[in-house]
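Protein chains in written order, with my numbering: chain W, 1 to 129; chain E, 1001 to 1384.
If you are wondering where the hints come from, they were derived from the structure by calculation, not from laboratory data.
For each residue, glycine too, the CB sits at the ideal point set by N, CA and C.
Treat the hints loosely; a few may be bogus.
[Unchecked claim] Here are the computed lysine-lysine pairs in the DSS-like style, where the Cα-Cα straight-line distance is at most 25 Å:
#, chain 1, residue 1, chain 2, residue 2
1, W, 98, E, 1155
2, W, 51, E, 1155
3, E, 1262, W, 37
4, E, 1155, E, 1300
[Said to hold, decoys possible] Here are a few chain W residues that sit away from chain E, every Cβ distance over 12 Å (derived from the structure):
#, residue
5, 3
6, 13
7, 22
8, 23
9, 38
10, 39
11, 44
12, 45
13, 47
14, 50
15, 51
16, 68
17, 81
18, 104
19, 126
[What the hints assert, rightly or not] A few chain W residues that face chain E, going by a derived Cβ cut-off under 7 Å, partial list only:
#, residue
20, 59
21, 61
22, 62
23, 75
24, 77
25, 82
26, 85
27, 90
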Amino acid sequence: MTVPRYWRNIGAHYRLEGIRCKSCGEVSFPPRSSCPKCHSKDVEVVQLPRKGKVVSFSLLRSPPNGFEAYVPYYVVVVELENGVRVLGTLTDVFGEVKEGMEVEAVFRKISEDGEEGLIHYGTKFRPIA
Amino acid sequence: MSDNPVVVGTGLTKIGRRWEDSLSDLFAEASRQAIEEAGIQPQVVFVGNMVAGELDGQEHLGLALEDGAGAFPLVPAFKVESACSSGGSALLAGYMAVKSGVYDSALVVGVEKLSEEPSDSITTALAEAADADFESYYGASFTSLNALLMRSYMKDYNVPRDWLSEIAVMMHKNAVDNPYAQLRKAITVEDVNRSRVIADPIRLLDCSPTGDGAAAILLTRPELAKGDVQVELAGMGVGVDTIGVNGRVSLSDVPATARAAKAAFSAAKIEPKDLNVLEVHDAFTIMAALALEDIGVVGKGEGAKFFHEGNAERDGKLPVNPEGGLKARGHPVGATGVYGAVEVVRQLQGKAGKMQVPRAEIGAFHNLGGSGSHAVIGVFKRKR
């Protein structure tokens, strides 16, 4: 991944930033230049709630390139407290994972772009004990 | 509006590990069959393909394949891409080209080569069907995204695991008779349930195999077609949804399929109950169950039951994937939609051999791209 491309998404990946539409009030993720609901350009960046619940999950055992070290890991859809849904992975899982389980966003290393490339960081979710 | 295009030629290659054949060789093999049967040359070519750029390092694919094949005179050729629904989208391009009157004939070829790369590279390439920045970035594989839907579906409708495994069993049974199929081997429910977990709850035998293959279909205007039995492409529809699964309201249906079905059936002036044969996009067993529901063959939550009760068998209420579907016939990604279309056409022509279903007059194929982002449906009718 190029440095500018990585840099453009830092807000969304590091701080879980989405957008709020000033016309219709819709809050959405990932950030876009227009509101995906009413298509207004009048949008502002907002930080999304950091807590939510697991909607569905999959324990992944056959990974894409660069994720071998994490196997097995949970891929999840999380519904945040304001209803916005985010796709991500779980971390710090010690017990059973269930639908409806409460989780919180944490800042984590995601992957490495080879030995000399960027280290990718972003948001993972961990169960709230 | 002019008449619907008719099919004058089809071609299929056997799906599998085709070490000796290049992408152009596969393209040539399927194209030659279609052109020889038709007795006419195409004026334009649309190629359905997803990952040739990523895995084969070849873009500008239309001309590269045509020139690499040398099977017919060079004509304008374009690659059409919409992930796993690339083949269906290429057929839409051919349909529009002929129906609009811009071209008299169009050759649609779906072609893909997946067998020469290690599986992690294929997993990575196929994950490009998802949102690169917000799904693949976090390590979600394409299978894991489908697994999210499978878990939600089983929970929301209380569907037993075995019912989904039975879908794989039926597809494998059907593929035994299919000379073009990749997996001509019967399996049992136990085989599915004991196979390796790829992304829980999806196991290896829930998944379609990756392979190489090409399928071709030649369309023309009805007045230019020879022969007494004609199959017309009576209508097509495309439905779309968000690229990421996080944008969907529900994870136990695929609204894009419902939108495609509505558009295609309206264009063809039919209803789901008029279908005599249906090819659905069962890249994973869950997707076959969902397709029946979203197409409108059965109600919500009843798709897996339809298979369980035997209604989808070749002699059932509505035969589904009598050639084995993606699950067992194979899923050469960008070619898959064209395989489905050719299979429907051959059923309506009465040329399906051991796979033939009774009273095949109207049939449809369904082709899905991404984890439910893009659906294509085409309806074929036999004309007397």
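Structure-based check of all given hints:
Restraint check for residue 98 of chain W and residue 1155 of chain E: satisfied, since their Cα atoms lie roughly 11 Å apart, inside the 25 Å limit. In summary, the hint linking residue 51 of chain W to residue 1155 of chain E is supported, as the alpha carbons are separated by about 23 Å, within the 25 Å threshold. Only pairs whose Cα atoms come within 25 Å are accepted, and residue 1262 of chain E paired with residue 37 of chain W is accepted, the gap being roughly 22 Å. A hinted pair counts as satisfied when its Cα atoms are at most 25 Å apart, and residue 1155 of chain E with residue 1300 of chain E qualifies at roughly 13 Å.
Every Cβ of chain E is farther than 12 Å from the Cβ of residue 3 of chain W; the closest lies at roughly 14 Å, confirming the non-interface assignment. With a cut of 12 Å on Cβ distances, residue 13 of chain W falls inside the contact zone with chain E, its closest approach being about 7 Å. Residue 22 of chain W, annotated as away from the interface, keeps every beta carbon of chain E farther than 12 Å; the closest lies near 20 Å. For residue 23 of chain W, the condition that its CB be more than 12 Å from all CB atoms of chain E holds, with the nearest at approximately 19 Å.
The Cβ of residue 38 of chain W sits about 15 Å from the closest Cβ of chain E, beyond the 12 Å cut-off, so the non-interface label holds. With a cut of 12 Å on Cβ distances, residue 39 of chain W stays outside the contact zone with chain E, its closest approach being about 14 Å. Every CB of chain E is more than 12 Å from the CB of residue 44 of chain W (nearest about 19 Å), matching its label as outside the interface. Non-interface status of residue 45 of chain W relative to chain E is upheld: no Cβ of that chain comes within 12 Å, the nearest being about 15 Å off.
Listed as a non-interface residue, residue 47 of chain W keeps its Cβ farther than 12 Å from every Cβ of chain E; the least gap is roughly 16 Å. Remark: the non-interface label on residue 50 of chain W is consistent with the geometry, its nearest Cβ contact in chain E lying 16 Å away (cut-off 12 Å). Consistency note on residue 51 of chain W: stated as away from chain E, and its beta-carbon is indeed over 12 Å from all of that chain's, at 16 Å minimum. At the 12 Å boundary, the C-beta of residue 68 of chain W falls inside the reach of chain E, the nearest C-beta of that chain being 8 Å off.
No Cβ of chain E approaches the Cβ of residue 81 of chain W within 12 Å, the least distance being about 15 Å, so the stated non-interface status holds. With a least beta-carbon separation of about 16 Å from chain E, residue 104 of chain W lies farther than 12 Å from that chain, consistent with its non-interface assignment. The claim that residue 126 of chain W lies off the interface holds: its Cβ sits roughly 14 Å from the closest Cβ of chain E, which is beyond the 12 Å cut-off. Interface hint at residue 59 of chain W: satisfied, since its Cβ lies 4 Å from the closest Cβ of chain E, which is below the 7 Å cut-off.
A distance limit of 7 Å between C-beta atoms decides the matter here; for residue 61 of chain W the minimum to chain E is near 5 Å, and the interface restraint holds. Interface hint status for residue 62 of chain W: upheld, as the beta-carbon distance to the closest one in chain E is roughly 5 Å, under 7 Å. Taking 7 Å as the C-beta cut-off, the interface hint given for residue 75 of chain W holds, the closest approach to chain E being about 4 Å. Annotation: residue 77 of chain W was flagged as interfacial toward chain E, and the flag holds, the nearest CB pair being 6 Å apart, inside 7 Å.
Restraint check, residue 82 of chain W versus chain E: the minimum CB separation of about 13 Å is more than 7 Å; hint violated. Checking residue 85 of chain W against chain E: minimum C-beta separation of about 4 Å stays under 7 Å; hint holds. Because the smallest distance between the Cβ of residue 90 of chain W and any Cβ of chain E comes to about 11 Å, over 7 Å, the interface hint for this residue is violated.
Checked against the numbered hints above, the structure breaks hints 6, 16, 25 and 27 and satisfies the rest.
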